[in-house]
Amino acid sequence: MWDKAPEQSSSGRNQKPRARGRGRLLSYREAIREGLLQAMEQDRRVFLFGEGIDDPAGVFGTTAGLQQRFGAGRVFDTPICENTLTGIAIGSSLAGLRPVLIHMRTDFLLMSMDQLANHAAKWKYMFGGATPLPMVVRAVIGGGWGSAAQHSQPLQAIFAHIPGLKVVMPACAYDAKGLLLSGIAEQSPVLFIDHRWLYDEKDAVPAAAYRIPLGKAHVVRKGSRLSLICVSFMRKLALQAAAELAKEGIDVEVIDVRTIKPLDMVTINRSVGKTGRALVLDFGYSFCGITAEIAARISRDVFGSLKAPVYRIGLPDTPTPASPVLEKCFYPGPDAITDTIRRIMRGQKRVGKHR
Amino acid sequence: MVRIRSFEERICRLYSQQEMRCPVHLSTGQEAIAAGTLIQLRRQDYVVSTHRNHGHLIAKGAALKSMFAEMYGRQTGCSRGKGGSMHMSFPQAGIAGTSAIVAGGLPIAVGLAWGSVLQKNRRISAVFFGDGAVDEGTFYESLNFASLKKLPVVFVCENNFYATNSPQKARQTNPRIHEIARFFRIPGTCIDGNDVVAVYTAAAGAIERCRKGAGPSLIEARTFRWKTHVGVESDLEKGFRRQEEVALWFRRCPVKRFERYLLSRGMVSQQWIDTVRESVDKEISRAVEFARNSPYPRPETESTDV
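Going down the list, the sequences are from chains A and B.
If you're matching positions, the first sequence starts at 1 in this note's numbering and goes up one per residue.
If you're matching positions, the second sequence starts at 356 in this note's numbering and goes up one per residue.
Hint data in this document are derived by calculation from the structure and do not stem from the laboratory.
A virtual CB, placed ideally from N, CA and C, is assigned to each residue, including glycine.
A couple of the hints might just be wrong.
DSS-like, lysine-lysine: derived pairs with alpha carbons at most 30 Å apart [said to hold, decoys possible]:
(1) A/K124 x B/K505
(2) A/K216 x A/K274
(3) A/K216 x A/K307
(4) A/K222 x A/K124
(5) A/K328 x A/K274
(6) B/K504 x B/K567
(7) B/K524 x A/K124
(8) A/K124 x B/K475
(9) A/K202 x A/K124
Taking beta-carbon pairs under 7 Å as the criterion, some of the chain A residues facing chain B (in silico) [stated by the list, open to error]:
(10) G128
(11) T131
(12) K247
With the hints as constraints, model all of the structure from the sequences given.
Below is the structure:
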């Protein structure tokens, strides 16, 4: 019942998955599941736990069958106590394990803020690096279908704000698997946020285990006139917008940051230095959001190359509504991106309502 | 107990020099709980403590010199100058860490125990917390999870009747903390926390249960903090406590009580006690000396270990 994404406008056609030489076409959800499975096969220290992760639905299919495969010691359901579960992840990590704690909603992470922010994020630092703290907290983001205010919050900026937490937000199946395997192999806490509107997106994913280093942005589409810097699900909209604009002769470069912390400003700056224009996209709140951080850094680092102010599109400063009509106002679609880019290219001063 | 008492007395003596530039939460008066419990753990067993951690660290085998160095903000401190008095760990002695957030250590100790069970390495976890922790939700959640999975955890509540200056009666419906454990089918006992023999006996039972794989236990050890919540003064000086209350607990001094216990049974001589005190004093002097002679951390290390 959660699996329906909101309608996108007609300009948003699905991108055809590009094969990367090797690998099969795998959906984002299958890629996450395969990443978890291979991490557990490779390393006996890895275990998964979280509310309802062993039920038949298996967190949107991403943990389906893993308990049968690895047993109830390494894949298990838990009481509903997010904060304590996070502390248990810390303790088991200190005992030498590599926990992956899974939440079906990012909203629930607010219940675990004490252990996440006061403990996990600081444990390594406040004891002078005496012990590593490998642990992954995975949470699912994404509203639509009336999920409303407490089942859809994009809270990535809050976590990125806290020193000591890494925040990973994959936007395609290939990245989801590679970043998940990297996150599990890290020596400090990683927050892995997958977007549920991407679950059925397919991509070429190698069957073997592989890692994508954290802090490496990906230039998804090359272009010369404007840099579209995007986070998570925004990559899909960005590619749709870029395809649309290409027909009008506006050649847009699309960069998926992949991890918002560490943030790869080198790749972003190189692109904006070349194109001279930047639009930053995130399905998080604009106010004090990731887009603000990226825009500020671009303005500082490559100010001399800018031909226009740096613009951004994010979510408005309101909770998420339930009605489809209101949702449509709340979530920007590809039209918001194409409109904004056209205005930027025309040099207009008023550029879009989500900026 | 003597090492803990002397360690903290030395802090009191030196604190006004302002070379230890961090808040200190002293456990003076509560030493028997740390000593009576942790002396029975193996080096590889875990302990998780709080901001009031000196006693637990010392009893579990942390090096005094690296503790002093930490409080002096030096590179040689056990947290390389990044933790101060509130955040010391000593992984080589099983001291997994300390949290200055009330009840913050409980789920971490439960997680350590889960790690032991999953890896079948037979280590147990002890976690210390005050009566204030019982106000927090994670206390109940941690007891529940530990009991649900039958984890080897010894929950030790040092009930000193005050959370900072807020009395237990003003905060809790049922002051009998050990009874809460029973709701979670965990054995809960209440003991005189100033009687090291009583602590030893209760802890021995709890540790035995853990080693047998029978699950967690909770010990409520009633005690009193001689010093103020944070700092080297007493609450009496600050006018936070009544004279009679403080005087009563001074008479129950755990160190003097155990000395009397040993002497009255002819187990040790006064001379032996004096020798112990003297050698502890020297050890502490050497530790302070080490700390003061240690270099400060290089400024660029501010950004490492994140």
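Each hint, compared with the structure:
no.: 1; hint: A/K124 x B/K505; in the structure: holds (28 Å)
no.: 2; hint: A/K216 x A/K274; in the structure: holds (19 Å)
no.: 3; hint: A/K216 x A/K307; in the structure: holds (26 Å)
no.: 4; hint: A/K222 x A/K124; in the structure: violated (39 Å)
no.: 5; hint: A/K328 x A/K274; in the structure: violated (34 Å)
no.: 6; hint: B/K504 x B/K567; in the structure: holds (14 Å)
no.: 7; hint: B/K524 x A/K124; in the structure: violated (37 Å)
no.: 8; hint: A/K124 x B/K475; in the structure: holds (25 Å)
no.: 9; hint: A/K202 x A/K124; in the structure: violated (37 Å)
no.: 10; hint: G128; in the structure: holds (3 Å)
no.: 11; hint: T131; in the structure: holds (5 Å)
no.: 12; hint: K247; in the structure: violated (46 Å)
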